[in-house]
Amino acid sequence: MSVDDRPLASFRVSMRDIDIYGHVHNSRYLDYCEDAVIEFLRQRQILSHFRHTSSGVAYHVKKAEITFHSPIDLDDVVEVKVNIEKIGRTSLSFAIELFRQRDGAHCASAHFVWVCVGLSDSRPTPIPEATRAALSPG
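Position 79 of the sequence shown, counted from 1, bears residue number 79 in our numbering, the numbering being contiguous throughout.
Since the hints were made in silico from the structure, they are not lab data. Treat the hints loosely; a few may be bogus.
Said to hold, decoys possible - In the SDA-like style, the derived pairs of lysine to any residue whose C-alpha atoms are separated by at most 20 Å in a straight line are: (1) Lys86 with Ile66; (2) Lys63 with Leu41; (3) Lys86 with Val117; (4) Lys62 with Leu135; (5) Lys63 with Ser109.
Whole structure, please, built from the sequences with the hints as guidance.
Next comes the structure, spelled out in structure tokens:
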């Protein structure tokens, strides 16, 4: 298994995430994906680039899209992979994939677009060069 094939993180599904049909409620997938992106930034040791207090900019979610492939159930262990799809002038695109550990089933694909905005006006602003450099493959 190559480094890129390994999951970024894993977690166990809690009862609070389950809907009346016995599987994870659709809205919880957004939380899982947001947590995965933050873990991705933490593991790359660049989370400070995304804190408005240290970076001088903020990042707003512009788009969140999820495609569901297979249900996730109570007590399943979910493995997550995150990749940067694109670094634009003012935006970042992330690809997030969720897999069920017990059988390797691909459960969901998500795409997030974050827009870099100025703190004073919340208008799109260029991603700082230091952040761009930190996000680029080494």
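Problem - Index of numbered hints that the structure contradicts, given in increasing order - result: none
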